[in-house]
Amino acid sequence: MKGKAHKFGDDINTDYIISGRYKFSITDPRELARHLFEDLIANFYNKISAGDFIVAGKNFGCGSSREQAPLAIKAAGISAVIAPSFARIFYRNAINLGLTLIEADTGRVEDGDLLEADLSKDTIRDLTRNIKIKIRPLPALMQEILNAGGSVEYFRKHRSILKGNR
Amino acid sequence: MPRTITEKIFSRHTGKSVKADDVVIAEVDFCFGQDGTSLLVIERLKSLGIRKIFSQRNFFAMVIDHSSPSPNQKISGIHNAMRRFSEQNKAKLYDIGEGVCHQVIPENSHVLPGNLICGADSHTCSYGALNAFATGMGSTDIAIILAYGKNWFRVPQTARIIIEGTIPDGIFAKDIILYIIGKLKADFAGYKTIEYAGSVVEKLSMDGRFTLANMSVEMGAEAGIMPFDKKTENWLSRHAGKKFAPVFPDKNAHYENIVEFDISKIEPQIACPHSVDNVKSIFEVAGKKIDEAFLGTCTNGRLEDLEVAAGILKGKKIHPQVKFIIAPASKKVFLEAVKQGIIEIFIKSGGVVISPGCGPCVGTHAGIPADKEAVISTANRNFKGRMGNPDAFIYLASPATVAASAIEGKIADPRKYFKDN
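Chains D and W, in that order, give the protein sequences. Using the working numbering, the first residue of the first sequence is number 1, and each one after it goes up by one. Using the working numbering, the first residue of the second sequence is number 1001, and each one after it goes up by one.
Treat the hints loosely; a few may be bogus.
[Said to hold, decoys possible] Think about it this way: if two alpha-carbon atoms lie no more than 27 Å apart in a straight line, the pair counts; the simulated DSS-like pairs of lysine-lysine are:
(1) 1008(W) / 163(D)
(2) 1046(W) / 157(D)
(3) 163(D) / 1046(W)
(4) 7(D) / 121(D)
(5) 163(D) / 1203(W)
(6) 163(D) / 1052(W)
(7) 7(D) / 1185(W)
(8) 2(D) / 134(D)
(9) 1242(W) / 1203(W)
(10) 163(D) / 1016(W)
(11) 1092(W) / 1243(W)
[Stated by the list, open to error] Stretch by stretch, here's where chain W covers chain D in the computed footprint (C-beta under 8 Å, at least three residues):
(12) 42-52
(13) 57-65
(14) 93-103
(15) 149-161
[What the hints assert, rightly or not] Interface residues of chain W toward chain D, partial, derived using beta-carbon atoms under 10 Å:
(16) 1141
(17) 1150
(18) 1217
(19) 1318
In case anyone wonders, no lab produced these hints; they're calculated from the structure. Every residue gets a Cβ at the ideal spot worked out from N, C-alpha and C, and that includes glycine.
Throw the hints in and build the complete structure from the sequences for me.
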């Protein structure tokens, strides 16, 4: 994965990810994507190139349970969200939808840096600053769900996990 | 091995002894969605290839509360899709006007102590007030539960918050939880359960405990669980009338951290724009001009909240430049407030009573502020844009502070209204 970093601060909530004005009435992910982070940065959608990263501070995705938030990020062509920690419901939702989350310290990354993430080696390279950042790998089950493309695909294939004797 | 309430509930629902950090497949007792999340639940169920929901017997419900009654054509379509799904699957639907899901679900006996409950709404943690493990999830997770009756969980670690002291006059559950959030901050309890304890929790009414549990997620918590006592039992005997088994933590249970607060000297608390943990004491913000006051929501739209506000507003008029909006949390609460003359007090004071639901809090309709306007609200979130306008400013406070501020047209200390009486 290689792309530009779009840098955000701590405690970015789901109302910022997808504005209150669209969260309940828009159901098409591509249309949602056009309003991504709109209340924080005007025309943010037009600044994204496919494969770019969202890079944020701690507790990314706090607030509501609405899946429209990770859905909009994914539909906008973002390859992964990188943050030192994620709010729990957002974390589940993103993995369920197959949006890659990378847990890593992001303090040294600046807005606009060119990043390359290698999940097999658990490292991110900030090519602009020539630094290496360690990734804290996801637990095995979450990694498997992501690899399958999301939980719908995963549980369709592995129904026995939920059907069996607990 | 001594266990927390959370570890005991997950052990019950997996049929084996589990501990914090175990990844488990657990059986869920009840799940639900609201009108902002249910359509996606229905779509994901289809993607899973499931035609029949796991159970039709007190297992799944949908509540139309976020945009209720519908403010536009698109949402009307979503509501109708929910009604169709409900008919086809014999799934319980609480339609427009029934109220906010977090009041409707416990009022209709869908929650019992020791239950594992999952809802497609982040404030599902409210039912911790009833000694249940209740947590918010996204639509895909609820669809998985609706399909299989189970889902995966990482059994959360527990943080224990002990609240001691005497509750000062004019201070309410909302002030207490805002005070705690201001100290511990928005990410204090990420992936964790909060177990509440202490003499203040014992003294609080059930409505007050719902307020505390409700705002646990504003500290990142997965669940916020209250101890079980006589008050819980009495509440359940009025609303549930079913058999249940409460859960108590073991004496030497492992807590990841224990924090103790003495609230004897706290002032009315205000969460200032634009984050819930930006909490200040009343003297720091009193006098700030407000344009709108909102009383309601899953945090503070219950009968006790309306009573407190009405006590302050009785015989008084709100400030002429304030829009004062009241949304009772449910039809039952609304009816009781009508019987007690509370609604009459609101209307005579100049307030506007709207149908039970979430509307203003989530910015879908019925009270969207104009640019630059300041709102004082009893809700749980004040994020930029939350009420539908990113150029407005939201302050969060107790029902008493909101009522006092509505009268004065500025953020006001409610304590003087209690001294007068």
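Going down the list of hints, with the structure as the test:
About 23 Å separates the Cα atoms of residue 1008(W) and residue 163(D), which keeps this hinted pair within 27 Å; it holds. Of the pairs offered as hints, the one joining residue 1046(W) and residue 157(D) holds, with about 15 Å between alpha carbons and a cut-off of 27 Å not exceeded. Between residue 163(D) and residue 1046(W) the alpha-carbon distance is near 18 Å, which keeps this suggested pair within the 27 Å criterion. The suggested pairing of residue 7(D) with residue 121(D) holds, with an alpha-carbon distance near 23 Å, which does not exceed 27 Å.
For the proposed pair residue 163(D) and residue 1203(W), the alpha carbon gap of about 44 Å is over 27 Å, so the pair is violated. Straight-line distance between C-alpha atoms of residue 163(D) and residue 1052(W) comes to about 15 Å, which keeps the hinted pair within the 27 Å bound. For the suggested pair residue 7(D) and residue 1185(W), the alpha carbons sit about 22 Å apart, so the restraint of at most 27 Å is met. Between the alpha carbons of residue 2(D) and residue 134(D) the distance comes to roughly 16 Å, so the proposed pair stays at or under 27 Å and holds.
Of the supplied pair hints, the one linking residue 1242(W) and residue 1203(W) holds, its CA atoms being roughly 25 Å apart against a limit of 27 Å. Of the pairs offered as hints, the one joining residue 163(D) and residue 1016(W) holds, with about 17 Å between alpha carbons and a cut-off of 27 Å not exceeded. A hinted pair counts as satisfied when its Cα atoms are at most 27 Å apart, and residue 1092(W) with residue 1243(W) qualifies at roughly 21 Å. Chain W is given as covering the segment 42-52 of chain D, and this is violated because 0 residues of the stretch bring a CB closer than 8 Å to a CB of that chain, at least three being needed.
Counting residues of the segment 57-65 of chain D whose beta-carbon sits less than 8 Å from any beta-carbon of chain W gives 6, enough to reach three: the coverage restraint holds. Counting residues of the segment 93-103 of chain D whose CB falls under 8 Å from any CB of chain W gives 3; the rule of at least 3 is met. Proximity of the segment 149-161 of chain D to chain W, defined as three or more residues with a beta carbon under 8 Å from a beta carbon of that chain, is established by the 7 residues found. Taken as an interface hint, residue 1141(W) checks out: its beta carbon lies about 6 Å from the nearest beta carbon of chain D, inside 10 Å.
Taking 10 Å as the C-beta cut-off, the interface hint given for residue 1150(W) holds, the closest approach to chain D being about 5 Å. Because the smallest distance between the Cβ of residue 1217(W) and any Cβ of chain D comes to about 8 Å, under 10 Å, the interface hint for this residue holds. Of the supplied interface hints, the one on residue 1318(W) is violated, with its beta-carbon coming no nearer than about 26 Å to a beta-carbon of chain D, more than 10 Å.
Checked against the numbered hints above, the structure violates hints 5, 12, 19; every other hint is satisfied.
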